[in-house]
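K.L.:
Fit chain B to the given chain A structure using the hints.
Number of protein chains: 2
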Amino acid sequence: MASIKPSVPKGTRDFSPAEMAKRNFIFDTIKSVFRKYGYQQIETPSMENLSTLTGKYGDEGDKLIFKILNSGDFWAEAESRKQKEESFSFDSKSLTPVISEKALRYDLTVPFARYVVMHQNEITFPFKRFQVQPVWRADRPQKGRYREFFQCDADVVGSDSLLNEAEFVLIYDEALGKLGLKDFTIKINNRKILSGIAEIIDKADNIIDLTVAIDKLDKIGLDGVINELLERGFTQSDIEKIKPVILLKGTNTQKIASLRSALSTSTTGLQGCEEIETVLNYLNISKPQTAIVELDITLARGLNYYTGAIFEVKTNEVAMGSIGGGGRYDDLTSMFGLKGLTGVGISFGADRIYDVMEELNLFPTATDISTQVLICCFDKEGEIYAFPLIQQLRAKNINAELYPAGAKIKKQLDYANNKQIPYTIVIGSDEMQSGQLTFKNMTTGEQQKLTAEQIITQLQ
Amino acid sequence: MASIKPSVPKGTRDFSPAEMAKRNFIFDTIKSVFRKYGYQQIETPSMENLSTLTGKYGDEGDKLIFKILNSGDFWAEAESRKQKEESFSFDSKSLTPVISEKALRYDLTVPFARYVVMHQNEITFPFKRFQVQPVWRADRPQKGRYREFFQCDADVVGSDSLLNEAEFVLIYDEALGKLGLKDFTIKINNRKILSGIAEIIDKADNIIDLTVAIDKLDKIGLDGVINELLERGFTQSDIEKIKPVILLKGTNTQKIASLRSALSTSTTGLQGCEEIETVLNYLNISKPQTAIVELDITLARGLNYYTGAIFEVKTNEVAMGSIGGGGRYDDLTSMFGLKGLTGVGISFGADRIYDVMEELNLFPTATDISTQVLICCFDKEGEIYAFPLIQQLRAKNINAELYPAGAKIKKQLDYANNKQIPYTIVIGSDEMQSGQLTFKNMTTGEQQKLTAEQIITQLQ
Chain A
28 MASIKPSVPK
38 GTRDFSPAEM
48 AKRNFIFDTI
58 KSVFRKYGYQ
68 QIETPSMENL
78 STLTGKYGDE
88 GDKLIFKILN
98 SGDFWAEAES
108 RKQKEESFSF
118 DSKSLTPVIS
128 EKALRYDLTV
138 PFARYVVMHQ
148 NEITFPFKRF
158 QVQPVWRADR
168 PQKGRYREFF
178 QCDADVVGSD
188 SLLNEAEFVL
198 IYDEALGKLG
208 LKDFTIKINN
218 RKILSGIAEI
228 IDKADNIIDL
238 TVAIDKLDKI
248 GLDGVINELL
258 ERGFTQSDIE
268 KIKPVILLKG
278 TNTQKIASLR
288 SALSTSTTGL
298 QGCEEIETVL
308 NYLNISKPQT
318 AIVELDITLA
328 RGLNYYTGAI
338 FEVKTNEVAM
348 GSIGGGGRYD
358 DLTSMFGLKG
368 LTGVGISFGA
378 DRIYDVMEEL
388 NLFPTATDIS
398 TQVLICCFDK
408 EGEIYAFPLI
418 QQLRAKNINA
428 ELYPAGAKIK
438 KQLDYANNKQ
448 IPYTIVIGSD
458 EMQSGQLTFK
468 NMTTGEQQKL
478 TAEQIITQLQ
Chain B
28 MASIKPSVPK
38 GTRDFSPAEM
48 AKRNFIFDTI
58 KSVFRKYGYQ
68 QIETPSMENL
78 STLTGKYGDE
88 GDKLIFKILN
98 SGDFWAEAES
108 RKQKEESFSF
118 DSKSLTPVIS
128 EKALRYDLTV
138 PFARYVVMHQ
148 NEITFPFKRF
158 QVQPVWRADR
168 PQKGRYREFF
178 QCDADVVGSD
188 SLLNEAEFVL
198 IYDEALGKLG
208 LKDFTIKINN
218 RKILSGIAEI
228 IDKADNIIDL
238 TVAIDKLDKI
248 GLDGVINELL
258 ERGFTQSDIE
268 KIKPVILLKG
278 TNTQKIASLR
288 SALSTSTTGL
298 QGCEEIETVL
308 NYLNISKPQT
318 AIVELDITLA
328 RGLNYYTGAI
338 FEVKTNEVAM
348 GSIGGGGRYD
358 DLTSMFGLKG
368 LTGVGISFGA
378 DRIYDVMEEL
388 NLFPTATDIS
398 TQVLICCFDK
408 EGEIYAFPLI
418 QQLRAKNINA
428 ELYPAGAKIK
438 KQLDYANNKQ
448 IPYTIVIGSD
458 EMQSGQLTFK
468 NMTTGEQQKL
478 TAEQIITQLQ
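Sequence lines, in order, name chains A and B. For the first sequence, the positions run 28 to 487 when the working numbering is used. For the second sequence, the positions run 28 to 487 when the working numbering is used.
The following block holds chain A by itself, in its conformation from the complex (with noise of 0.2 angstroms):
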């Protein structure tokens, strides 16, 4: 067979044993926060039926799902399909579902509303399940986008309590100070609220408009918002009304105070302002210990999908996209038959999350280490006496490696030092004879002569 000169696909990666324990810090630390709220794990197939994840992301989220190739002759179905429907013609659009029936998940949403359809009978409601696992997406990978991801999802369907929103708050809390976060924001909105904004005008079917142009406030200013509206075609009448929207400022219940008095004539706005503030008002019960909670009404990630909290989490350390979003559903099983089971939910952007701690240097030193000490002998003479040893270390729970018998022992020691392990015994024929092992600090590079025993205590 030639050789081929190995690669991986483009917007995939390898991960190293280093990059794993990375990720498994962040990983682990996440899912530990969600069960401590309650949150159970489930895992669903990579695959989908086609029909499950097609007009689930737009036009635009359907070109980037990966479709797999159906097993055995694909072809002879497509002939077959030509041969019954003469005017079916050959091309990618209309040969795709001929061809392909399975797709790779795009996110954890659409298989997780399939989930709680299928198995509505078996679940007990509110259902609180986190998911963490791959999705694809055929996107022109770029730096810090991949067509291979983590996702890292948590949901509660079936309960309409805002304590949930309150709850999602405490846990991107608690997990990112966790991680070692010391100054992140979560900006919450609420869909009813900028519907209340449209309505004041008049113009809730403008909503998106709306919403684009004044989201973009940060970066063009209040004058650029304004432009923009003029050219959207909202007028100067109603950019009036909602420029104390717009200008909003103070602390959150100031802010709630201006909605209230803006939006006195929407009643979903008003509604909006008040699960606003149940929300917050849930969080000055139980604080966030290093979050700052910010209300911010140019926040409408996902516009589409929320029907009521929105959430955005963005670290004030590092120069970074959000590493966190999710909000409430009103309807997320409905495309699969299940109609008026409400959800909220979240999700953190675990790659984002690894950049800004490897930039902030947040990463333990010993997430890295994962052998504690390296047996190294001379000769088979001392590796017949290191394999008890090592089996002794283990039984222990030290998790120990013998270097097998040959190699040089600078090749040996060198090899604890690449691999990162903290401390190495080394067995010569003077320490066969003595019982006395040299145990060495490879960080300090002190030695020290000492039994068996004497190094279990230590590394217990």
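It cannot be assumed that every hint is accurate.
Just so you know, same-sequence chains aren't split out, so a pair can sit in one copy or run between any two.
Taking lysine-lysine pairs in the DSS-like style, the calculated list, with each CA pair at most 30 angstroms apart, reads [unchecked claim]: (1) 423 / 205; (2) 37 / 366; (3) 120 / 407; (4) 83 / 314; (5) 32 / 314; (6) 83 / 230; (7) 83 / 32; (8) 214 / 230.
No lab work stands behind these hints, which were simulated from the structure alone.
P.N.:
Chain B in isolation, oriented as in the chain A frame:
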């Protein structure tokens, strides 16, 4: 959008919280043992270039690889190919490489070989890696055979020491023992012994026929094997020579002695005996706790692949195929152009281990329990009272949930029972007034009035 009756692709599975808890128990146990022996985790992408995978698993294997349809206008590529090359025919075989350049990994071994070659300059050899990831095969699904399933592999490359083989036996022993298996056999063999058997009858080229026949000894007995050998073109004189090998009896030591004598004219065969003996000698120094280690010369799994040791693990408690296997391969990475790198590895059959554990009822009862305590309250006031309490519990690392106000208490207790939450705290007006909360053990039904602090102490 029309609602779709949801389903998953055949051969794939959802994993519920209860199943995930059990699967995590298995994976976490195995991973912890891998780590204890110095193995480090890597992950590779789900997709590999089609060229990385094809030609590695034989023609039958190639057919079972799930191919991914190129994104974008894949058909344009097919038509352009046809224009350039008139003889190009539109059929599945010719079209596949044109419309698909990526595929889902079929196992973890080939991606690992690709990883080692790609990253050879960063890797410290001997490289001890483990990998726990799903693989995909377009097999016909049946009981116990899935199209998406997890493999759980550990391999070391760059060390020819037989200490590695011995340690793998100890890894199987420790991991399966920790999972609760009480009676299992680790069968070992060596490809060189099989080669030796073929050599002593001058039929090195017929080794496959030979091993296929010998492999059936258990099922069809000696006469059956002899008939099969005759059918496959072996002579009566061949059979006389290899009969002592087929009829190998006694302890491992006795078997090796018999083999040494039967294979005395084959250098390769004798080397196989030597290697097996060395491994068994290691295992006499550090004995497995639970496993029976048995030399079984009928064992030939992955013959085309392995060059030294061959392993297979079987439980003796339940009728089930092998729950693990592996071996040594001298030239794993040569398919990607890196020659002479010897490796040895093992795999755990997680799905079968799961089934065995279910049948033997080996999962600890506590595996499923994720939330330790549920706080139930009657109204909004109770919820407000409970919210700081639940954060106090969580601050002590107690997994806790607060049922949102508004539901009947029966529903809340049902929730606790369905989710196997072992304790509840009920907060009514009496409790709020006195600070003596109703703490209920959901298993025994026992109730106590306790302060928050007392409850925390009990739960810790």
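K.L.:
Against this structure, judge whether each hint is valid.
P.N.:
Going through the hints against the structure:
1. 423 / 205: Both. Shortest intra-copy (29 angstroms) and inter-copy (14 angstroms) distances satisfy the 30 angstroms Cα cut-off.
2. 37 / 366: Answer is between: at 26 angstroms across copies they meet the 30 angstroms cutoff, but 40 angstroms inside does not.
3. 120 / 407: Cα proximity of residue 120 and residue 407: none, with 66 angstroms in one copy and 54 angstroms across.
4. 83 / 314: neither (37 angstroms within a copy, 57 angstroms between copies)
5. 32 / 314: This pair counts as neither: shortest intra-copy Cα distance 55 angstroms, inter-copy 43 angstroms.
6. 83 / 230: within (26 angstroms within a copy, 61 angstroms between copies)
7. 83 / 32: between (38 angstroms within a copy, 15 angstroms between copies)
8. 214 / 230: Answer is within; shortest intra-copy Cα gap is 25 angstroms, inter-copy 75 angstroms.
Going through the hint list in order, the structure does not satisfy hints 3, 4, 5.
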